[in-house]
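Novice: What follows is each chain in one-letter form.
2 protein chains.
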Amino acid sequence: MLIAISDPDDPRIEAYRALRERDLLGRQHRFIAEGEVVLRVLLRQQPRFEAESLLLGEGRVESLDDALHLLPPEVPVYVANRQVMDAIVGFPIHRGILAVAKRPALPPVDVLLDSLPETALVVGMAGLANHDNVGGIFRNAAAFGANAVLLDRETCDPLYRKAIRVSVGGALVVPFTRAPSADALVQALEEASFEVIALSPSGAETLSRVQPSRRTALLLGAEGPGLPPGLLARTRTVSIPMSGGFDSLNVATTSGIALHHLTQGQ
Amino acid sequence: MLIAISDPDDPRIEAYRALRERDLLGRQHRFIAEGEVVLRVLLRQQPRFEAESLLLGEGRVESLDDALHLLPPEVPVYVANRQVMDAIVGFPIHRGILAVAKRPALPPVDVLLDSLPETALVVGMAGLANHDNVGGIFRNAAAFGANAVLLDRETCDPLYRKAIRVSVGGALVVPFTRAPSADALVQALEEASFEVIALSPSGAETLSRVQPSRRTALLLGAEGPGLPPGLLARTRTVSIPMSGGFDSLNVATTSGIALHHLTQGQ
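If you're matching them up, the sequences are chains L and B in order.
Per the numbering used here, the first sequence runs over residues 2 to 267.
Per the numbering used here, the second sequence runs over residues 2 to 267.
Bound-form chain L, shown alone (with noise of 0.2 Å):
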């Protein structure tokens, strides 16, 4: 349902108001989706993540003209001139496509642990501050078909803008999910039978050595602190030995090397 905006104070657009400050105050029931890439993956992730409403710049409606038919046709797509778009987000959305879709309810950490395949991959994030890093990490897992990814109640939200957009949509493709903590989390795995296997630079064993078990799940903590001691007695933990003097890699770095080693055998 294509409805040109010409004011941008039209109460219709009225999510899209003042996007980035917006950002920063969160949303708690909706979320935004921004670009090509996430729009296309939105759309093909519908009704999971139901699109409440459409924004492009005038020139993008006939670019997307072969997804737009994925969205239920009662959704308002509003279409704007440059210069209005401009006006209502705040600043120059250079490119010029916009969805606000419904944030829907985490699962339980078990519920969705007990809907994964016997053999499965779940990804753990602990304590990981940085939405260039969990968009990267959900950008590994969607690659490497990781099942599942779970959160403690530190890392932050993959729904945010900038977070769906490095991770080109992975966000909205691998289930995810949060734990009240980080020892929660790790338990629940436990429970449902999946070896923890935890990546330190002080792992007893090399990544290279490693044979995933038929239920494997990656723990990943934050760039510097790491994980916490207590997670890491309780796990396996797992280092990827780097050249002398030089012991640093990028966490969502890391997570493609160890998702890459943990899937090349299938």
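Quick caveat, the hints were computed from the structure, so don't treat them as lab data.
Where hints are given, some of them may not hold.
Said to hold, decoys possible - Some chain B residues judged to face chain L by a derived CB distance under 7 Å, without partners named:
no., residue
1, A143
2, V169
3, S209
4, P213
5, L250
6, G257
7, I258
8, H261
Glycine included, every Cβ here is placed at the ideal spot set by N, Cα and C.
Following the hints, put chain B in place on chain L, whose structure we already have.
Specialist: Then chain B, alone, in the frame of chain L:
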């Protein structure tokens, strides 16, 4: 040599003025190092990357005390309070740590390759125009002990402020130089007896089955366009298999996965 600066217009700190605007112009003979991690790498790399001066926030001198002795005593270390420092650089510089260093002349590609040991691993980049990706690849090249990095003319500057920062100093660790073109880059590698492995989603072999040669070069192209067909035709092409429908890895992550695989047997 500590020198207090109280006037943002002091001519001695000219090189730090309007940092962002000068970033955009590019610096022909100098580069800027920023933040504690990068500065510490720079200080360890004296005299290869000759520091001309430092500009530190007042609180920073003490925390760097153990590293500043690596600096030749005649190099000025300017010290300013937060307000003066922000006024000099033109924006709030939270890290409070800057240095200006001389950009060394780049050796011809064949000279650099001839200087490498008999067993060597080189990373080649063709058409990589994103500073985050170039920085991320240098970080991985340093982490996995690559012997050198080669860039074609289209690949962006690894000594750009942001690229060095993303590399966490790796751009100052791994020797690099530029070839006149991607073809010349590959030709120089072939003449120096390197087997060139080109990573491409259309690669004929699977990465996990590749055994490194005595001299191996890993060739990376930009996300999206990838490597030109002419280069793929003359190299050994390798892909990283991914999960159906989500065939997308960041190029820096790709470099980490490939470097890990190629070095893990050593």
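Novice: Hint by hint, note whether the structure agrees.
Specialist: Checked hints:
1. A143: Holds: closest Cβ of chain L sits about 4 Å from B/A143, inside 7 Å.
2. V169: With Cβ-Cβ at 5 Å, under 7 Å, it holds.
3. S209: For B/S209, the interface hint holds, since the closest Cβ of chain L sits about 4 Å away, which is under 7 Å.
4. P213: It is violated, given that the least Cβ distance between B/P213 and chain L is near 13 Å, above 7 Å.
5. L250: The hint holds - B/L250 has a Cβ within 7 Å of chain L, the shortest such distance being about 5 Å.
6. G257: 4 Å, holds
7. I258: 5 Å, holds
8. H261: The hint holds - B/H261 has a Cβ within 7 Å of chain L, the shortest such distance being about 5 Å.
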